[in-house]
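Take the given structure of chain A and dock chains B, C and D to it, following the hints.
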Amino acid sequence: MTTVALAPRVAEGARGRVTIRGLTKSFGATRVLRGVDLDIADGEFVTVLGPSGCGKSTLMRIIAGLERQDGGSVAIGGRAVDALRPDQRDIAMVFQSYALYPHLTVRDNIALPLRMRRLTFAQRLPLVGRLVPGVRPTERAIDEAVRRVAAVLQIEPLLARKPGQLSGGQKQRVAVGRAMVREPRVFLMDEPLSNLDAELRVHMRAEIAELHRALATTFIYVTHDQAEAMTMSDRVVVMMDGRPLQVAPPARIYDDPEDIRVARFVGSPRINVLPAAATGRGSLDMRGLELPFDADLAAGTAVQAAFRPGMATAVRGSDPSGLAGVLRHRENLGSDLFLHVALPGIEAPVVVRVDPTAVADFPVGEAVSVRVPPAHALVFDAAGARLRPRASAAMRRHG
Amino acid sequence: MADALALPAPAAMRRRGFGEAMAALSLAGPAMALMVLFLVGPLVVVVLLSATDYQLGARSLSYVGLANYAEMFADRVFRKSLENTLIYVAIVVPASVALGLGAALLIEAGTSLRAFYRAVYFLPVMATLIAMAIVWEFMLHPTLGLINLALREIGVEGYNWLQDRRTALFTLCGIGVWQSVGFNMVLFMAGLTAIPGELYEAAAVDGARTGLDRFRTVTWPMLGPVTLFVVVITAIRSFQVFDTVQVMTKGGPNRATEVLLYTMYSEGFSFFRTGYAAAVTVVFLVFVLALSLLKTWVLNRRVHYA
Amino acid sequence: MLSRTLLMAAAAAALLAAPAAAQKTKVEVQYPLGFIFDNVFKDIKVEFEKRNPDYEVVYRPAYKEYEDAAQTALRQAITKQLPDVSFQAINLQRLFVDRGIAVDLGPFIAAEKDWKGQGYSDSMMALGTFAGKPYGLAFAVSTPIIYLNEDLVRKAGGDPENFPATWDGIFELSKKIHALGGDNVGLYHSWTITGNWMWQALVMSYGGTMMSADEKKVAFDGPAGQKAIDLMGTMIKDAKMPNLAHEAARQSFFAGKVGIWTESTSLLRVADEGVGGKFKWRTAVFPVPAADGRLPTGGAAALMFAATPERQKGAWAFMKFVSGADGATMMVKGTGYMPPNSLPADDPARLKPFYATKPNHLTSLKQQKYMTPWYAFPGDNGLKIIAVIKDHLQSVVDGSTAPRTALAAMTKDVQALVPK
Amino acid sequence: MRRPLGPVGAVLRHVVLMAGAAVMLAPFVWMVLTSFKPQAEILVAELRLLPTRWAAAENYATAMTRVPMLRFLVNGAVVTAAIFVLQVLVNLPCAYALAKLRFRGRGVMFAVVLLCLLIPHHVVAIPIYILFHQVGLLDSYAALVLPFAISVFGIFLMRQFFMTVPNDLIDAARIDGLGEFGIVWRIMLPTAVPAITAFGIFSVVAHWNDYFWPLIVVGSEELYTPPLGVAFFRLNDQGTEYGPLMAAATIVILPLVAAFLVAQRRFIEGITFTGMKN
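Chains A, B, C and D are the protein sequences, given in the same order.
The first sequence: position 394 = 1767 (the numbering used here), numbered continuously.
The second sequence: position 106 = 263 (the numbering used here), numbered continuously.
The third sequence: position 292 = 396 (the numbering used here), numbered continuously.
The fourth sequence: position 14 = 26 (the numbering used here), numbered continuously.
One chain only, chain A, in its complex shape (with noise of 0.2 Å):
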């Protein structure tokens, strides 16, 4: 998928664009979507993240027409499609498990869409339909434009075969393919890279990634994945509770999250939380620790505090400027070593990352302080919102 022959699409300004309005969607009594806006420019790849059972996999069902919403609604391209069939939406979608049609040649696959769309129903009946006038010169057409996505994705040699006769990699580029050959407003896919081992996942990233640039069509992409969502996205949307958290490019949501749920879900290892005080003057108490935060805090607010493993940095033996604690686990993984460290009265360790090659400083079950720099710890208050200081909070703003 180096070279990409396909010209890209004259840009209509709207056609792409998706909106959605207060989406609900319940299945009996489970609330599965509680209302999503979203606003999705034309041409931008949007992923949409979250846990499973969050309501991502529904959002994107609804969006393709393969679900109803209970109430909300969703427009393609500045045009309402609710009352509207998947096939009437213009949209192309690539499934978790590739959907493709097993009794079907992989050319046959890539054509269905074009032949639905293009052929009547008395030219698709099987052997008299060939007969009935115009079908040629449009099935050649068809062929022409089959070939010319098989060549894009590079799976020319395959196009006799039936997809049981496919490697997971080769089936995922078919799914692709039958997709992109129909030219829709949006892309939709279902957590497309799932079924892929590690290896191929990572080199697929890519490859949809410039497969986007090159169509410049919306991308509508599901998954629970974050670094999915943070390799190939321009915005991500991260989805609990069948809500959107935040919507931000993923450089914002890995270090400002909004929400404490955020914060937790993006980043590996998780980032650490420690309860934590106002004191009611400028700064939190974290176990004793002073963290200067500026912000309007009746003193003794609980709030939570927390930081990434790798923002914080460790010391042996007992340290006044840091969290003392006992180390209980070294995780070597030749470039990062982490460090799991118990904290007294505190369930879960807090992780620290250190030089691997620090590694004979820390023996396991030794005392090790753990030094949190306060301008990279966030701030949460009990319910899980972020809170910001002062000054920068009027900054984000206009950010």
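Source of the hints: derived by calculation from the structure; they are not laboratory data.
Possibly wrong hints are sitting among the right ones.
What the hints assert, rightly or not - Calculated pairs, DSSO-like style, for lysine-lysine (alpha carbon to alpha carbon, straight line, at most 30 Å):
| no. | chain 1 | residue 1 | chain 2 | residue 2 |
| --- | --- | --- | --- | --- |
| 1 | C | 344 | B | 407 |
| 2 | D | 112 | A | 1535 |
| 3 | B | 237 | C | 437 |
| 4 | C | 473 | B | 237 |
| 5 | C | 473 | C | 437 |
Frame of chain A, contents of chains B, C and D only:
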């Protein structure tokens, strides 16, 4: 704009929902209509008919309550029929299940000629029973039949198998067993292949040395549910014995081979006593229904569905 | 069997020639007991079509036996596929009359000139008359007679010329034949014939009836019936009658293994062919022990099932022909039945010379004085009653039930099936 | 999977299985041999396997011509094929709807299917007979075929199979522009070929061999199916001409047995598969 969009399009959406229901209805509709016409409706009708004195072709009928049932249980032919059917089931089920299991185990115990044996034992399942009944009738002919000729070769006096009231029913049982062994055998084979090989290895590690040990510790417990299932469906099939009786003995001699379905057939379609035949049908239904429910229960325990 | 193949071929040819024959009106006919009647009906078709060129006779596959004939026709009535003319057992005509299937022949007879003059005697017409209306035209009538293997009888010390007229004498002879050893059978009484005909014969020969005069109560358990059932018991126990199927017994007689065989007169021609000169045989009269003893008239009558006037015309023409003097002549020569029609027996151009050369055929004629209608049970359960009687008699013949016990059970079961 | 038998066990296995095989095969062998013998050799009461004079041609010719045997075979083929085609046309869409569509009343519908599974066909014979009598359908091809157009077992089996088809496949088809009918015939039908084959074998075997229903509804010889035909043949000659009779029996069982011998594995799998669910 946002507000305008936020309004759902209820009419349009309802239309789409309606469309899906319509699609489901048109897909399932023909089957459902036929189901009512040919299964549910007739089931109700047969129960209702059993409370009437309807005669096929008659212009009227009247309600007689349980009179048909009273007559039935007082009728020697019916009691004989019920008794014979139960005897038939009681013989054919254990015999054909045991032989089917034995054949499956023996065939699977080795590799040579496996396909041959399987095909041979299965052949009677495929062959048109009515044609084979005629062949059996010839084989059982008192003077010209293979069986008596073969018996005479070894110095045994044969019987007039189908004409003798002492042997007729058992002869039919024998044909029933012959016909269903192969069917049970393949079901058992399917059950055998479903037993993971590791279990035999585990049993060997745990000290099961002889074939009997292996059978008792692994094969039999694993085949248990299959066996129960095979027993029940063989019972259901045996309850429906008809072809051999109709063509070979017509229920005779002296009702010695009268069975439920034949009673129903002769009452309904030879004597045209439709109401009475419906009552016989209801009794037949009760037995088969009980067995079918048992089967569903067995199936439910074994594989999860619905 | 070759003739049947020819028949099929002829039918096929007729089918191919359909356009040419399209003008002819078809008369669809169905009759029972193909092994007795096939030849006769083949000839009748030829002769009838010669005399009635407007009609074409089409035969349906023959009914196996009388009960099968009735069942099939009743079912055909339901599927509306009745033949135009159907031959049914004399005692089963009632089923079709009661159900309104058979057509009243009164108007057709009324339109005929000198009906009686054509040989239809009152006694014969009575066989097909119900509630005062004629429905059936008797076609072939029979009585039970005795077939005897002269060779075996002689070997056992009997005299075929002076064959015993009593059961006791017959049993005595039977025992002697049985004592000859081998697999020789002294006596076979064809008790299964159409379920109850022979039973009626025994009961009636002792002066009994099947039902009370008002047809409400079973009467065959009276003294006559008791004698009859005891007689059957004696046949089994003393006269050593084996428990054979009817067909097997017939084959055995033809093979020369049965000494005394009670059977319908209808099988005379079949027996001629079956025995084929292997041994000498003759017929004798059936014992009628009681002074008021009777014998039921077996045989078949033609019923009209045709529904449209067009079809009825053809059906009537055919019925008239088969039961008339010439049809009866062909039938008698080809079977063993007695003629229904009074004309041919004494007609030198018809049966007189035939009877002169076939003394076996005369036995039944000698019994004419005993003839009484073959009783038809009332109500809808006629067929079932026949089956019930057959079952109970079977239990006597196979020795599983004492005769009197069986009679009591049979009485009870039949009583339950007749209208109250 | 199991340990191989020792030499004694192996021999014993063959001895027992061969004895069983002889019993299973005896009627077939006797039937075929008898169909080669002239009447005179059949009627001798002694055990002789091979004919001294071969009468195969006569016997089979008689079997084919005395009754319209060819017609019966064609009837059998037409009726079984019609039943199977109708079964697919009627039951496949229903199974799809029950497996993959959400609509009100689906639960009730499926419950009815499960209930109907418990009804043996013999039970509804009388009412259907009366129904056909009322509408004048008795003694017709329709009477032979129509009652079997609905196969709740087929619905059940297909539904079970469709449950295993990923929903994604159906969604993909919807997005590609297929309607629900299109999905049934263009996607589900080809996908379900193995299950349909198994069901087809089950259906064909059952209806080619069926005797009960044709016996009841058919009166005219022209409509006889092979089982009725061979029974009719037997009645027709008083059951004494065994050579042609055995030839007729051979002819009737031949199509299925031949198909079975050719595609043994498939037949056994089909019957096992349906048998386990039935």
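Point to revise | Numbered hints the structure breaks, given as an ascending list | key: 3 and 4
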